[in-house]
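J.: The opening residue of the sequence shown carries number 1 in our numbering; numbering runs sequentially from there.
To be clear, the hints were calculated from the coordinates, so they are not data collected in a lab. Be a bit skeptical, because a hint or two may be false.
Claimed, not checked - With a straight-line cut-off of 30 Å between C-alpha atoms, the simulated DSBU-like cross-links for lysine-lysine are:
hint: 1; residue 1: K112; residue 2: K83
hint: 2; residue 1: K195; residue 2: K181
hint: 3; residue 1: K83; residue 2: K149
hint: 4; residue 1: K155; residue 2: K107
hint: 5; residue 1: K102; residue 2: K80
hint: 6; residue 1: K181; residue 2: K146
hint: 7; residue 1: K107; residue 2: K183
hint: 8; residue 1: K146; residue 2: K107
hint: 9; residue 1: K102; residue 2: K149
hint: 10; residue 1: K189; residue 2: K112
hint: 11; residue 1: K146; residue 2: K69
hint: 12; residue 1: K62; residue 2: K80
hint: 13; residue 1: K83; residue 2: K102
hint: 14; residue 1: K102; residue 2: K195
hint: 15; residue 1: K76; residue 2: K62
hint: 16; residue 1: K183; residue 2: K112
hint: 17; residue 1: K69; residue 2: K102
hint: 18; residue 1: K83; residue 2: K181
hint: 19; residue 1: K112; residue 2: K80
Unchecked claim - Listed next, with one range per pair, are the computed distances between beta-carbon atoms:
hint: 20; residue 1: A74; residue 2: W36; range: 53 to 59 Å
hint: 21; residue 1: E79; residue 2: H137; range: 28 to 34 Å
hint: 22; residue 1: K112; residue 2: H137; range: 18 to 24 Å
hint: 23; residue 1: Y23; residue 2: K62; range: 26 to 32 Å
Remember, it's a predicted structure, so these values are computed and weren't measured experimentally. Beta carbons are placed, not taken as given, at the ideal position from N, Cα and C, and that holds for glycine.
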Amino acid sequence: MTANNDKTQLIEGLDDNALDHEYDGIIELDNSLPPWWLYMFYGTIIFSIFYTINFFGMGAYKQQDELTKQYAVAEKAIEKYQKEHGSSVDENSAILVVDAAKIEDGKVIYEKNCVACHAANGGGGVGPNFTDNYWIHGNSINDVFKIIKYGVPEKGMIPWEAQLNPEQIQNVASYILTAFKDKNVEGGKEPQGEKM
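Could you put the whole structure together from the sequences, leaning on the hints where they help?
T.: Below, the structure is given as structure tokens:
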């Protein structure tokens, strides 16, 4: 048997599936696709139609609604984190707050923790006077925040960073600067530090 006869015997009965061309002796056949593959293909087309209708505006599911829900969840998580850990405020980013609720929070914290050393009117006692123009460690919000956070152990003031979160420290510092600065109360402690 010759090579041509072998070739003819191998493809005998496949003539109706054979295409008109061959590549390097390989004859290409036009076989049907397996049914499972076709069902899967048609299924994905049908699925894509329903998916497009539902997810891109015509169905009940709206991407914008989902985004809004996710933003609400994220906002709650941020609020919870800030309540537990405080905000990302530090001595470099502290600002003088003017919100009445935050100033009131600072007042409550001051009355609870600071009155013993600085007096209820800020005139000083063991600690320095907040009402005059003389400040030992600076009179900016950042300076006061830093003193409250880290304390001044050599003068007897403890650091408050373990007891107060950064937002509370910012509120107390803001209260001190808005309620006492430049008020010069009668009977206040003598000036200490530099005039500012």
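J.: Quick check: which numbered hints come out false for this structure?
T.: Result: hints 11, 20, 23 break, sorted rising.
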